[in-house]
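Peer 1: Each chain, letter by letter, is given below.
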Amino acid sequence: MQMDGFKKKLQMQDEAQRRRWIFYKAELRRLELKVSYYPGCSLHATGKEYDQSMKAVSRALGIELKEVDDWSCCGASSAHNTNFDLSVALPARNLIAAQKDAMDVMVPCAACFNRFKTADHYIKTDKELKKRVENAVGAKYQGGISIRNPIDVIYNEIGIDTLASKVVNPLAGLKPVSYYGCLLLRPPEVCQFEDYENPFMLDKMMASIGADVKNWSYKTDCCGGSLAISKTKIVVDMCDKLMSGAREAGANCVVTACPLCMANLDMRPSRNLKLPIFYFTELISLALNLPGAKETFKSHIFDPQPLLRRVNLI
Amino acid sequence: MQTFLEEVNEKINGVPIQRCYHCRKCTAGCPATPYMEYNPNRVIKMIQNGQREEVLNSSTIWLCMSCETCITRCPNEVDIARMMDVLRQMAIESGIGAREKNVLKFHEAFLSGIKMGGRINEPMMMVQYKLKSGDLFSDVTLAPGMFLKGKLALISPRTKDLKSVKAIFEKTRHS
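Same order as they appear, the protein sequences are chains A and B.
Under the numbering used here, the first residue of the first sequence carries the number 1, and numbering increases by one thereafter.
Under the numbering used here, the first residue of the second sequence carries the number 1001, and numbering increases by one thereafter.
Please keep in mind that the hints were generated in silico from the structure rather than gathered at the bench.
None of these values were measured; they are calculated from a predicted model.
Among the hints, erroneous ones may be present.
Said to hold, decoys possible - Covered, in the sense of this in silico footprint (three residues per stretch, anywhere, with C-beta under 8 Å from a C-beta of chain A), are these stretches of chain B:
| no. | stretch |
| --- | --- |
| 1 | 1004-1010 |
| 2 | 1039-1053 |
| 3 | 1067-1075 |
| 4 | 1086-1096 |
| 5 | 1100-1112 |
| 6 | 1119-1125 |
To be verified - In silico PhoX-like links for lysine-lysine, alpha-carbon gap of 25 Å or less:
| no. | chain 1 | residue 1 | chain 2 | residue 2 |
| --- | --- | --- | --- | --- |
| 7 | B | Lys1025 | A | Lys127 |
| 8 | A | Lys100 | B | Lys1045 |
| 9 | A | Lys48 | B | Lys1025 |
| 10 | A | Lys175 | A | Lys204 |
| 11 | A | Lys131 | B | Lys1115 |
| 12 | A | Lys48 | A | Lys274 |
| 13 | A | Lys131 | B | Lys1166 |
| 14 | B | Lys1115 | A | Lys48 |
| 15 | A | Lys130 | B | Lys1025 |
| 16 | B | Lys1160 | A | Lys100 |
| 17 | A | Lys55 | B | Lys1149 |
| 18 | A | Lys294 | B | Lys1149 |
| 19 | A | Lys130 | B | Lys1163 |
| 20 | B | Lys1166 | A | Lys140 |
| 21 | B | Lys1011 | A | Lys130 |
| 22 | A | Lys131 | B | Lys1011 |
| 23 | A | Lys48 | A | Lys34 |
| 24 | B | Lys1011 | A | Lys127 |
| 25 | B | Lys1163 | A | Lys131 |
| 26 | B | Lys1149 | A | Lys48 |
| 27 | A | Lys124 | B | Lys1171 |
| 28 | B | Lys1011 | A | Lys241 |
| 29 | B | Lys1171 | A | Lys100 |
| 30 | A | Lys298 | B | Lys1149 |
| 31 | A | Lys140 | B | Lys1160 |
| 32 | B | Lys1171 | A | Lys130 |
| 33 | B | Lys1115 | A | Lys140 |
| 34 | A | Lys100 | A | Lys55 |
| 35 | A | Lys175 | A | Lys8 |
Every residue gets a Cβ at the ideal spot worked out from N, C-alpha and C, and that includes glycine.
Here chain B stands alone, though its shape is the one from the complex (with noise of 0.2 Å):
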């Protein structure tokens, strides 16, 4: 049996978390840190802990932007934003889904609108969003300017061989 950090380590393919010595080198330059559950070395920690539930299940995971500052300033080359996409794509094939749900269900809507399209349709990929997460009436003030300035585009060129587009997500889907 496979130890959660076992997993983890697999799934990152590159240096091994546990080199990680604690500096907090990470969690000082995460702009995300004041709204987490959990510091990114706490993450760490809680791998090797083995307390897979808390850490899949954590609002952590899902608020890291992936803007990379941890792992440019690591001095032990542990990629934790990285560890932050594995957690997040254990969590989603885990069927714990996502702690932020709107936050995933962005994503779901971003890349659907690639499936039918091939390119993103900004308008209609927002429209899906809002069917999906409920969430109708944020940013609703800020269409009418933007579409009076030619900035929601309802209609935009597609990609022309959909068909490879769509084989991309069939075949990448048991990844």
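Just chain A, same shape as in the assembly (with noise of 0.2 Å):
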């Protein structure tokens, strides 16, 4: 009896130590997510407040970055609109560049991450391309590491629970609607994100830092970035429409992951629509209080700190 007794005791350790073991292994995992990271030339310039806050978020997480040895640009819309070949030896170029690193890449601009998504897609369906890239290109397409956006790396790596436990700021008093745009998930079998018609990282994300946020029917409507420049009158048109959908749905900002929507819906809605916009990086540090938190906002050019003070948050 006793025996038995002294069998049971041992076996529930067994099943703690194992318990603990696993616990300890996650938490090993989660201390040495490493990445390579490829900002892209968005975030040197227009988009310096994504790349300064992902950095910020990243340390606090426990994500380690590693920039792409000697990237380029990724030839974005202007590539694939003209030249077909271009469009795919542009981002294959950084990614044989990632490759040396045998990590998975993270790529924050949607913009980026939909280039890359397409031309790893059409150099693993296409062998005839694939030659003629790696000819283009001067080496080997490898393949084998995956292409990540940090919404996905964030939800499914470091997962919402964590991020809430770490949060020492909620943003209560911030409605935002989560604006996800097209690059992220479309097409949705090259780019394989998430529901691709009603996604919910992001919304999960920001009510897990304490946002209010709110439903809508435009999450993944166009903003029209890639002729924002040459025919801004119809932009203008485009932003318009998602600014009232906004407001509409009771939202007092915007966020976003993707900073061509970002400059886009910054600067480009009629005065009397617009609403603050944020990377979703900046009210993730915001919400866990890094340093640096709250220097982002200044260079938004439409300025989000009224709101924020309005709502007590700086």
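The task is to assemble the complex, starting from two chains supplied on their own in separate frames and drawing on the hints.
Peer 2: Encoded structure:
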């Protein structure tokens, strides 16, 4: 009898130990979360707030970033609008550079993310194209690393529970609508991001840091970014439609993960419809009270500070 | 002699566009439809009819913003966004050029920016676009604000191995 009790106790200890081990392993993996980082051109210029807040958030959440060696522009919409091979070869050059580090590559800019995914998709499905691209870049394309957006890394690797546990400054009073735009989601078989008509990761993430997220029907509508400079009138129309939609939903700001949407929605809507617009990493920074969190708001074209002061967040 | 339809299909290298049964889901979802000369599904019909000049010379193909809503919702998986890319490239290569001149000029300024520095320097790219398009005064009121907020970095880091970037442009020129 005593022996049985002893065995049981041992088993229980084993079980506890096993669980602890799994927990440690998961923690260890979380601690070791290391990715290649491709900032892209926007994040060093008009989207610098995204780069700054992305780095702060990564540090706080234990995501180690290693910038892709000597990266070059992905070609964005201008390459695929005019020359197909070029539009695959330019991102391929960066993917090949990232492959040397054998880590997943994290691409915060939605436009770069889309071009990387598209290039990877075409290279994998078209052998002739692969040869042409390898010839143009002058190196072999191995594949094998995943192209990931920070929304996906934070949601799936860190988890919103962990994120919520680190919040010191809940974003009460902030009522964002989450705006995904086109480039993270479409085409779905290429991007393989999440529900492409009604995505939710950004919504849940914002709710986990205390924001009162509003639901709206324009989550995945286009803001016209690629024609912002050459056909401005059309783009103003499109941005106004989005802003009216956000206002109708009762939002007092918009949150995005795309520097093109950001620049567009920050500058183009008509004056009477404008709402403050944030990168999701800026809001995480603010909620976690990370160093420099309040600095990035100063460089928005449409100043979000009056709103943040009104709801006592800064 | 290859028909226009065969030529487009060969370049798309995917689902043949004649699979379209004109449900108009693409047209209904397209954010640019109100500004287009022909609706996206109409373009498919015109390609089938062999209306090469009209299609390549239309503003429609240059107003497509590649939001890819059409291909996402097409029940027959016709890649209309890719078709628009193909048509734009054909318009450039056949010498017809772009009906929406400034759209192409923007793309040219952007690509020459990559060729120059490997990465885009936004102020330089905008200056180039303005010189190319002659549209000197639009958006100039935005510039001082952006400059003061540090969003216009006149000098930004370039790609060190510029040769490899230039080689990509060189080798993909006749694709």
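Peer 1: Hint by hint, say whether it matches the structure.
Peer 2: We went through each hint and held it up to the structure:
1. 1004-1010: With 0 residues close enough to chain A, the hint is violated.
2. 1039-1053: This one is violated; 0 residues, fewer than the three required, reach chain A with a Cβ under 8 Å.
3. 1067-1075: With 5 residues in contact (Cβ-Cβ under 8 Å with chain A), the coverage given for the stretch 1067-1075 of chain B holds.
4. 1086-1096: Contact hint for the stretch 1086-1096 of chain B vs chain A: holds, 4 residues under 8 Å.
5. 1100-1112: Coverage by chain A holds here, the residue count being 10 at a Cβ distance below 8 Å.
6. 1119-1125: holds (count 4)
7. B:Lys1025 / A:Lys127: violated (32 Å)
8. A:Lys100 / B:Lys1045: The given pair, whose Cα atoms are some 47 Å apart, is violated under the 25 Å limit.
9. A:Lys48 / B:Lys1025: The hint is violated at about 38 Å.
10. A:Lys175 / A:Lys204: Holds, at about 13 Å.
11. A:Lys131 / B:Lys1115: OK: Lys131 (chain A) and Lys1115 (chain B) at ~22 Å, within 25 Å.
12. A:Lys48 / A:Lys274: Given pair Lys48 (chain A), Lys274 (chain A) holds - Cα atoms ~21 Å apart, limit 25 Å.
13. A:Lys131 / B:Lys1166: Status holds; Cα separation ~18 Å.
14. B:Lys1115 / A:Lys48: holds (22 Å)
15. A:Lys130 / B:Lys1025: violated (33 Å)
16. B:Lys1160 / A:Lys100: holds (17 Å)
17. A:Lys55 / B:Lys1149: holds (20 Å)
18. A:Lys294 / B:Lys1149: Status holds; Cα separation ~14 Å.
19. A:Lys130 / B:Lys1163: holds (21 Å)
20. B:Lys1166 / A:Lys140: holds (18 Å)
21. B:Lys1011 / A:Lys130: holds (16 Å)
22. A:Lys131 / B:Lys1011: Holds - the C-alpha atoms of Lys1011 (chain B) and Lys131 (chain A) are around 17 Å apart, at most 25 Å.
23. A:Lys48 / A:Lys34: holds (22 Å)
24. B:Lys1011 / A:Lys127: holds (15 Å)
25. B:Lys1163 / A:Lys131: holds (20 Å)
26. B:Lys1149 / A:Lys48: holds (11 Å)
27. A:Lys124 / B:Lys1171: holds (20 Å)
28. B:Lys1011 / A:Lys241: violated (35 Å)
29. B:Lys1171 / A:Lys100: holds (23 Å)
30. A:Lys298 / B:Lys1149: holds (7 Å)
31. A:Lys140 / B:Lys1160: The given pair, whose Cα atoms are some 20 Å apart, holds under the 25 Å limit.
32. B:Lys1171 / A:Lys130: Answer holds: Lys1171 (chain B) to Lys130 (chain A) is near 14 Å, not above 25 Å.
33. B:Lys1115 / A:Lys140: holds (22 Å)
34. A:Lys100 / A:Lys55: holds (22 Å)
35. A:Lys175 / A:Lys8: violated (53 Å)
In this structure, the hints that do not hold are numbers 1, 2, 7, 8, 9, 15, 28 and 35, in rising order.
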